[in-house]
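Participant: Residue numbers (the UniProt record's numbering), protein chains in the order written: chain A, 1 to 338; chain B, 1 to 338; chain C, 1 to 338; chain D, 1 to 338.
Hint data in this document are derived by calculation from the structure and do not stem from the laboratory. Hints should not be assumed to be uniformly reliable.
One copy or two, either will do: identical chains are not told apart, so a pair holds if it fits within one copy or between any two.
Said to hold, decoys possible - 20 Å max Cα-Cα, derived EDC-like pairs, lysine to aspartate or glutamate:
| no. | residue 1 | residue 2 |
| --- | --- | --- |
| 1 | 202 | 151 |
| 2 | 118 | 302 |
| 3 | 6 | 304 |
| 4 | 148 | 108 |
| 5 | 148 | 60 |
| 6 | 70 | 34 |
| 7 | 328 | 318 |
| 8 | 89 | 170 |
| 9 | 70 | 215 |
| 10 | 118 | 179 |
| 11 | 6 | 54 |
| 12 | 19 | 304 |
| 13 | 6 | 215 |
| 14 | 6 | 79 |
| 15 | 70 | 60 |
| 16 | 6 | 260 |
| 17 | 19 | 302 |
Listed below, chain by chain, are the residues.
There are 4 protein chains.
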Amino acid sequence: MVIVTKTDATEADVNAVVKRIEGAGLKAQVSVGERHTVIGVIGDKTVLGDIPIESMSGVDRTMPITAPFKLASREFRNEPTVIAVNDTKIGGRQVPVIAGPCAVESTEQIVTIAQQVKSAGASFIRGGAFKPRTGPYSFQGYGEEALKMLEAAKAETGLGIVTEVMTPHEVELVGEYTDMFQLGTRNMTNFYLLREVGRANKPVILKRGMSATIEEWLLAAEYILAEGNPDVILCERGIRTFETHTRNTLDLNAVPVIHELSHLPIVVDPSHGTGIRSLVCDMTKASVAAGADGLLLEVHHDPDHSMTGDGAQSLFPDQFETLMRELKPIAIAVGREM
Amino acid sequence: MVIVTKTDATEADVNAVVKRIEGAGLKAQVSVGERHTVIGVIGDKTVLGDIPIESMSGVDRTMPITAPFKLASREFRNEPTVIAVNDTKIGGRQVPVIAGPCAVESTEQIVTIAQQVKSAGASFIRGGAFKPRTGPYSFQGYGEEALKMLEAAKAETGLGIVTEVMTPHEVELVGEYTDMFQLGTRNMTNFYLLREVGRANKPVILKRGMSATIEEWLLAAEYILAEGNPDVILCERGIRTFETHTRNTLDLNAVPVIHELSHLPIVVDPSHGTGIRSLVCDMTKASVAAGADGLLLEVHHDPDHSMTGDGAQSLFPDQFETLMRELKPIAIAVGREM
Amino acid sequence: MVIVTKTDATEADVNAVVKRIEGAGLKAQVSVGERHTVIGVIGDKTVLGDIPIESMSGVDRTMPITAPFKLASREFRNEPTVIAVNDTKIGGRQVPVIAGPCAVESTEQIVTIAQQVKSAGASFIRGGAFKPRTGPYSFQGYGEEALKMLEAAKAETGLGIVTEVMTPHEVELVGEYTDMFQLGTRNMTNFYLLREVGRANKPVILKRGMSATIEEWLLAAEYILAEGNPDVILCERGIRTFETHTRNTLDLNAVPVIHELSHLPIVVDPSHGTGIRSLVCDMTKASVAAGADGLLLEVHHDPDHSMTGDGAQSLFPDQFETLMRELKPIAIAVGREM
Amino acid sequence: MVIVTKTDATEADVNAVVKRIEGAGLKAQVSVGERHTVIGVIGDKTVLGDIPIESMSGVDRTMPITAPFKLASREFRNEPTVIAVNDTKIGGRQVPVIAGPCAVESTEQIVTIAQQVKSAGASFIRGGAFKPRTGPYSFQGYGEEALKMLEAAKAETGLGIVTEVMTPHEVELVGEYTDMFQLGTRNMTNFYLLREVGRANKPVILKRGMSATIEEWLLAAEYILAEGNPDVILCERGIRTFETHTRNTLDLNAVPVIHELSHLPIVVDPSHGTGIRSLVCDMTKASVAAGADGLLLEVHHDPDHSMTGDGAQSLFPDQFETLMRELKPIAIAVGREM
């Protein structure tokens with residue numbers, strides 16, 4: 001950490017800061033500039049984390065030097081983390097696909113879609129059993145009943161299950177059915193939930209909060225890792241910006257950034273990242289080209305009768321099948337395979 | 001709701017949409033324009049909520065006409081909601097003040113600050129027992145022990161208690177101590193928590209999510225109201241924008257907007273809304289002038305030794321006292337009193 | 001400036017950076033941390049401005065210590081700049097008001113409004129002669145003809161004139177009529193225009209770009225100051241955020257921030273800052289309470305027949321008059337007067 | 001346009017609005033809902049553009065149905081616009097590349113880089129002669145001298161020239177040298193400049209404003225088209241969001257969106273869209289996969305000694321060459337060629 005003083009800071013102010021740093025067992029290095037004095041702090045920054053240096057007299061601001069996440073960082077582990085689920089590896093050469101409807105609506109629906117996405121090459125079936133909805137009057141999912149429908153789809157197709165868990169006390173229940181937990185954008189800062197899945201024994205797909213910086217996202221991953229669960233998969237799903245034509249702004253920059261900062265795999269969800277069916281295929285191709293380690297796609301065989309408004313961003317099964325074929329040469333071009 | 005068709009929509013497309021609307025028991029009114037056909041939907045829109053009209057063939061987009069929240073709306077209840085807690089009324093002529101440190105650190109600390117803010121005119125002591133922190137290595141609060149310290153401060157001063165609850169299963173515990181629940185910005189979309197405090201028998205201060213639109217915020221309030229708890233107080237605490245000089249951008253526009261759209265009271269938190277001590281007093285004055293129904297302010301007698309980084313935005317007790325005095329004529333000028 | 005190296009930077013990398021700094025006549029101070037080496041640069045940072053340090057091998061990033069603006073900074077001039085125009089002082093104890101319609105539409109219109117706002121206490125009449133419009137098919141202003149109408153309004157009322165200039169070659173023409181130039185939000189980065197008004201001999205109201213940081217805004221002011229015109233008045237008019245209910249998010253935090261960083265006066269435009277008539281009065285009060293040095297308000301006696309869409313945010317003359325009265329006690333409460 | 005009334009609007013209010021619409025020669029269609037009355041307007045909406053309907057009594061808000069741009073729209077022209085410059089076609093099957101340094105620094109520099117990018121497959125050399133800089137103390141470009149250096153590079157390599165024009169009165173001068181004008185992000189709303197290049201006889205690359213919506217961007221294009229210049233190429237270069245790790249957030253969603261809304265070609269600038277050299281290649285691949293009609297890339301043979309800070313986002317010539325090779329299969333996979 002670097003501490004910058006105000007132009008009118010006194011020597012006593014600087015000394016007080018230095019004393020505080022040294023009191024925490026760290027080393028301080030003072031550079032006197034023309035207007036500002038800069039105090040460098042050397043040692044384990046986490047010790048300083050909760051000391052409100054910025055509140056001290058004469059201090060203008062502090063600037064972090066090292067990233068505040070550790071277990072998630074490339075510095076902690078330089079090799080990419082590869083997560084094996086059933087026969088699929090996430091984070092390796094393959095780019096696995098998780099596909100399915102927004103919500104599980106019936107056994108027939110989820111089995112039908114599972115068969116279709118399986119035959120097109122998907123590795124996982126996704127579908128919401130517990131649905132986070134902006135308003136209380138919207139369909140909130142069929143809960144455990146829906147988990148059983150997913151189980152039926154898995155039995156039928158062999159696809160792994162991905163489904164969302166929304167609150168700590170349902171982690172156990174959802175864990176009985178799912179192969180990977182999904183944590184939604186609205187729960188990226190639900191810290192109790194992060195901790196609870198951190199204690200579970202299954203991979204976790206952690207969606208980026210809709211206004212989370214990449215650093216905050218990695219800190220959310222750190223909550224899970226710190227509890228002992230090493231299998232965190234980040235999911236870029238679009239961020240909130242001023243643009244209103246699309247539902248979200250898909251931030252593909254995040255893909256190479258995460259690959260630089262972290263060893264964790266990152267998958268992309270172009271369905272939520274655009275919110276518009278006609279944009280999904282182009283943005284899926286862009287995701288693979290940017291280096292995504294996997295894809296999350298909404299597919300529905302009858303989106304006009306889906307039970308959530310998200311039908312408008314779901315691909316039809318035949319679109320999905322065509323897309324899967326078109327992705328292959330792009331994956332190969334970037335050293336991957338579908 | 002108004003449905004706009006694509007320019008190449010066929011008559012069959014329009015008829016299918018109309019049939020769908022009528023099938024839901026609503027009335028459709030078709031206007032054929034030069035390029036687009038517009039279909040107005042008349043009746044209870046919530047019936048339509050989960051029908052994915054946008055997914056239907058020939059549909060370009062849908063545009064809501066009525067707000068998706070009901071119980072929170074001015075249309076549902078035209079009179080402002082006034083919430084009485086102990087001897088204080090929130091939403092009436094008075095502008096009550098909730099003050100205290102970011103986190104409860106010791107009995108001595110919280111009692112000292114409670115006495116200071118009480119003598120300056122505050123009605124509630126605030127302080128975090130359970131702290132939502134961006135990273136797992138930061139101080140997370142003393143939990144129930146801290147609740148007991150708040151109780152001691154209340155016993156000593158008579159101030160009501162405001163403290164945050166972070167997860168559904170702690171609502172009961174926190175409710176044994178607090179006079180008002182606080183729901184933090186990171187939990188505005190923690191829907192299980194919203195529901196749980198909706199079933200509790202205490203007022204809830206609902207902070208705006210850092211990237212929540214006003215409509216989404218009112219929908220979060222709707223979750224609480226829909227469970228039967230009518231005592232929701234909204235709290236503007238700054239939103240996330242591109243500006244980096246301040247920690248957040250305090251959106252005071254939200255104050256008169258909420259007063260137009262809703263009967264619920266709105267309080268303002270200029271401490272988080274700026275993140276910088278030297279800006280807090282000016283923005284507190286602005287909040288009262290904008291019509292805030294209350295204030296949430298961080299005050300610490302020794303911020304340099306506070307246990308969270310938020311010391312940098314805490315007022316010193318003497319600043320707080322001066323501020324309280326300076327607010328009086330502004331409150332009077334806008335027809336209120338401190 | 002502080003330079004942070006990558007964790008894998010070599011000693012040779014660090015030496016090359018140091019050599020580069022010293023080659024520019026500056027001093028480098030190296031602190032070797034556990035993971036990163038930090039190199040502090042001492043001396044006149046502007047020398048470094050165009051050296052792409054971040055491009056050098058082993059460099060992770062650079063962090064500025066001193067603000068990149070000089071003439072606009074408090075460090076350059078500690079006393080607030082007070083700008084006298086006719087009999088009005090901007091930046092002193094008084095909070096002058098600039099009021100009028102979005103666009104000048106006729107002599108009758110502008111004279112009528114000028115008389116009304118004058119009698120309510122305004123010091124300047126504003127009105128667009130040259131209008132920046134998002135699309136080419138909207139009314140673009142009556143140009144010089146409108147300037148003459150403003151002149152007539154001035155002759156009739158004695159009010160000073162404020163009107164916008166949009167391009168360098170019209171600075172001279174507009175300058176023949178106006179008492180203060182206005183530079184609009186869409187022209188904050190029109191650097192030729194900034195320079196041209198910097199060479200003119202009249203005060204300039206510089207509106208904040210709709211997505212400009214405070215630092216960029218002060219750098220735009222610096223362009224004007226650097227050409228020799230010391231009379232720059234900053235104008236906060238709302239920024240672009242994700243919120244869609246209001247036209248813009250009025251960033252009142254900017255008022256105390258500018259007062260800390262700069263000696264230049266700052267006025268606020270709550271009309272554009274909200275875009276909704278019913279919000280303007282509350283936000284004007286908030287602006288004065290936050291410490292605004294002046295106000296820019298849209299007033300129209302017949303907004304339903306105004307020639308731009310901005311009628312929806314214009315106050316009626318009687319609302320303006322009431323507002324002016326209601327502002328007085330707030331101004332006094334913050335040590336100012338209307 | 002659809003007009004929504006307030007819940008308390010009277011019949012007289014509705015009648016006044018209808019009368020106003022009919023007075024403008026348009027047709028009004030009234031739907032009385034349970035809470036709101038909706039008035040549809042049929043006819044040429046541009047007639048209504050400047051009538052401040054929202055200001056009228058009883059009106060809550062207006063909602064546009066048709067896009068406000070015409071000449072730029074797919075509805076005006078359904079076939080993609082293909083722009084031929086020298087031997088290169090932009091908007092067709094080929095994905096041409098414009099490459100070069102941020103600023104032209106010397107004849108040797110620009111000729112060297114031109115030769116390198118030419119041999120790697122670029123079609124145009126880019127380089128700034130007039131540089132828009134955030135602050136007045138940064139290097140502002142060598143002006144006409146630099147234009148001559150570009151001419152030398154063209155003579156040497158046969159590459160077309162792309163360079164920025166910043167102000168109307170330099171359009172003629174720059175036009176004597178350049179093959180395509182570039183309008184920078186800071187000038188997207190410089191309406192005089194848009195008009196001036198609209199009267200020139202050369203293609204214009206119009207960069208998206210850093211906080212411009214797609215609709216505003218197309219309206220800026222409309223300014224150029226409306227003056228008679230049909231050859232507008234849109235350029236996505238990243239937008240401003242809350243994310244601070246990258247310089248901008250590259251909004252690749254804009255590529256398929258523009259292809260849906262407009263017939264104009266869209267190129268992508270991953271150099272500014274990321275601001276970080278190590279991210280550029282991945283994001284260039286993503287751009288091609290998303291359907292970009294061309295690329296704008298910064299390349300510098302000696303970025304450590306470049307004269308602007310943008311060296312940090314410039315590719316080295318060998319990186320550029322490798323990238324050009326790696327793009328080929330991706331282009332083919334999406335039905336294009338490099």
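Participant: So, for every hint listed, does it hold in this structure?
Facilitator: Each hint tested on the structure:
1. When the C-alpha separation of residue 202 and residue 151 is checked against a cutoff of 20 Å, the pair qualifies only within one copy, where the shortest distance is 16 Å, while the shortest distance between copies is 41 Å.
2. Taking identical chains as interchangeable, the C-alpha atoms of residue 118 and residue 302 lie at most 20 Å apart only when both belong to the same chain, with a minimum of 17 Å there against 50 Å between chains.
3. With identical chains, the CA atoms of residue 6 and residue 304 are at most 20 Å apart between copies only, with a shortest distance of 16 Å across copies and 61 Å within one.
4. For a Cα distance limit of 20 Å, the shortest separation of residue 148 from residue 108 inside one copy, 12 Å, qualifies, whereas the shortest one across copies, 53 Å, does not.
5. Taking the shortest alpha-carbon separations for residue 148 and residue 60, neither the intra-copy value of 57 Å nor the inter-copy value of 36 Å comes in at or below 20 Å.
6. For the homomeric pair residue 70 and residue 34, the shortest alpha-carbon distance between copies (14 Å) is at most 20 Å, but the shortest distance inside one copy (35 Å) is not.
7. With identical chains, the CA atoms of residue 328 and residue 318 are at most 20 Å apart within one copy only, with a shortest distance of 16 Å there and 27 Å across copies.
8. Taking identical chains as interchangeable, the C-alpha atoms of residue 89 and residue 170 are never at most 20 Å apart, the minima being 26 Å within one chain and 38 Å between chains.
9. In this assembly of identical chains, the alpha carbons of residue 70 and residue 215 lie at most 20 Å apart only when taken from the same copy (11 Å versus 32 Å across copies).
10. Taking the closest pair of Cα atoms, residue 118 and residue 179 come within 20 Å of each other only inside a single copy of the chain (16 Å); across copies the shortest separation is 51 Å, beyond that limit.
11. Taking CA atoms no more than 20 Å apart as the test, residue 6 paired with residue 54 passes inside one copy only; the shortest distance there is 11 Å, against 26 Å between copies.
12. In this homomeric assembly, residue 19 and residue 304 come within 20 Å of each other (Cα to Cα) only across copies, at 13 Å, whereas the closest approach inside a single copy is 67 Å.
13. In the homo-oligomer, the alpha carbons of residue 6 and residue 215 lie at most 20 Å apart only across protomers (17 Å), although the nearest pairing inside one protomer, at 27 Å, exceeds that limit.
14. Proximity of residue 6 and residue 79 under a CA criterion of 20 Å is satisfied inter-copy only: 17 Å between copies versus 42 Å inside one chain copy.
15. Taking identical chains as interchangeable, the C-alpha atoms of residue 70 and residue 60 lie at most 20 Å apart only when they sit on different chains, with a minimum of 18 Å there against 27 Å within one chain.
16. For the homomeric pair residue 6 and residue 260, the shortest alpha-carbon distance between copies (12 Å) is at most 20 Å, but the shortest distance inside one copy (34 Å) is not.
17. Taking the closest pair of Cα atoms, residue 19 and residue 302 come within 20 Å of each other only across two copies (17 Å); inside a single copy the shortest separation is 67 Å, beyond that limit.
Consistency with the previously given hints fails for numbers 5, 8, ordered from lowest to highest.
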